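Chains as they are written, first to last, in full-length UniProt numbering: chain L, 1 to 157; chain Y, 1 to 123.
Keep in mind the hints are simulated off the structure, nothing from the lab.
None of the values given here were measured: they were computed from a predicted structure.
Backbone N, C-alpha and C fix where the C-beta goes; we use that ideal spot for every residue, glycine too.
Zero decoy hints are in this set.
Derived DSBU-like pairs: lysine-lysine, alpha-carbon spacing no greater than 35 angstroms straight-line:
#1 Y/K40 - L/K98
#2 L/K138 - Y/K63
#3 Y/K40 - L/K153
Simulated restraints on C-beta separations:
#4 Y/R8 - L/R67: 45 to 53 angstroms
#5 L/Y91 - Y/E74: 24 to 32 angstroms
#6 L/L75 - Y/A112: 53 to 61 angstroms
Simulated coverage check for chain Y against chain L, where a stretch passes if three residues somewhere in it have a Cβ under 8 angstroms from a Cβ of chain L:
#7 11-17
#8 41-54
The primary structure of each chain is shown beneath.
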Amino acid sequence: MASRALACCVRSVARAPARLNHGSVLSRSACAPLAPKQRPLSVLSCSQRPRWTQLVRISGPSVHQCRHYGDLPPLTLENIEERVMYVLKLYDKISPEKLQSSSHFMKDLGLDSLDQVEIIMAMEDEFGFEIPDAEAEKLMTPAEIVQFIADKKDVYE
Amino acid sequence: MRGVRMSRSDVLSLYRRVLRIARSWTAQSALPHDTDTERKYIAQEARTLFRQNQQITDPESIKRCTEECEARIEIGLHYRNPYPRPTYLPPMGLATQKGRKLRAQQRLRKQAKPVYLHSHDET
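So that you can see chain Y by itself, here it is in the shape it has in the complex:
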């Protein structure tokens, strides 16, 4: 299946789109303090994540990162909340007391992680 390769200008347009959203953002609570904080958060988050992934050359990873960006944009605009949307752990996803099923559970958690939480560690 032939996919469309992301070019440099597409990635830069995405970056520009996020910065433009940050410029005209209003918070759900409509408080000026919250609006200001969230605008700064959006710009800061975009800057750090784009810079952190700057050196990636593998087209699969680039595609995943752009999907993450677009998913976060859509979710943020829909729920009016720029912070990453947390998800539940998968069932039996956390290590048992004996610690034997650790690796399988790690794999399970990794597989269950949605695309828009990709750049964030499990905390």
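Pulled out of the complex, with its shape left as it was, chain L reads as follows:
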């Protein structure tokens, strides 16, 4: 009985990160060594599975993907901020010394609306997804851009 409880424990712990992470390879590699143990106990565990999956909650930051398999590294707020600042520094109409996270494009940096459109297009190129017109017009500081991208990409706030 103790071994059955332990097997259920280990199986559900292995299954929970498989659900949370994107890569299914991780789950397959984690479940493979447990397969021989699972089969004799599978009938018994069926009824217990819903209970265990509800109980086991693993929070986001503690589960790290070790292998990406050609996928991009996971986005964090600092990462997004860094990339946004990098793209802005490469833009020739902005002087890198005056650039801060809260500097307004029109009021502080002296750009106009055409420049703002170009900046948002550069952000679209960098992050690889399209930003619709109505929302693109409202993004006026680097901090707002970072917030918008974090909202779109569901990075933990």
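Chain L is already provided as a structure; the job is to place chain Y on it using the hints.
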């Protein structure tokens, strides 16, 4: 006749549309070198023309400029060629040897110029 006035956001959407076309453009010849050149040309042309006409406040001129932009977009996408499409001179459109009919011919040429060649000088 009541016309719809172009707002700032419409003009910016047009600019964004041109830049998006430039991003995904492929040349007719499908050579990577040509594709690259034409993409840069589209972006550069849009940037210069929009900036040059930035200060216009007269609604008629704004309407003409936006018509020019849309015409060039449609023609460029149809013929797969981003460069402005040249047209013929109107008949008797160039000055005679004596130079007397110069002004009338200038007017004639100006009237015959299509809307999508508006920002380009006669060369």
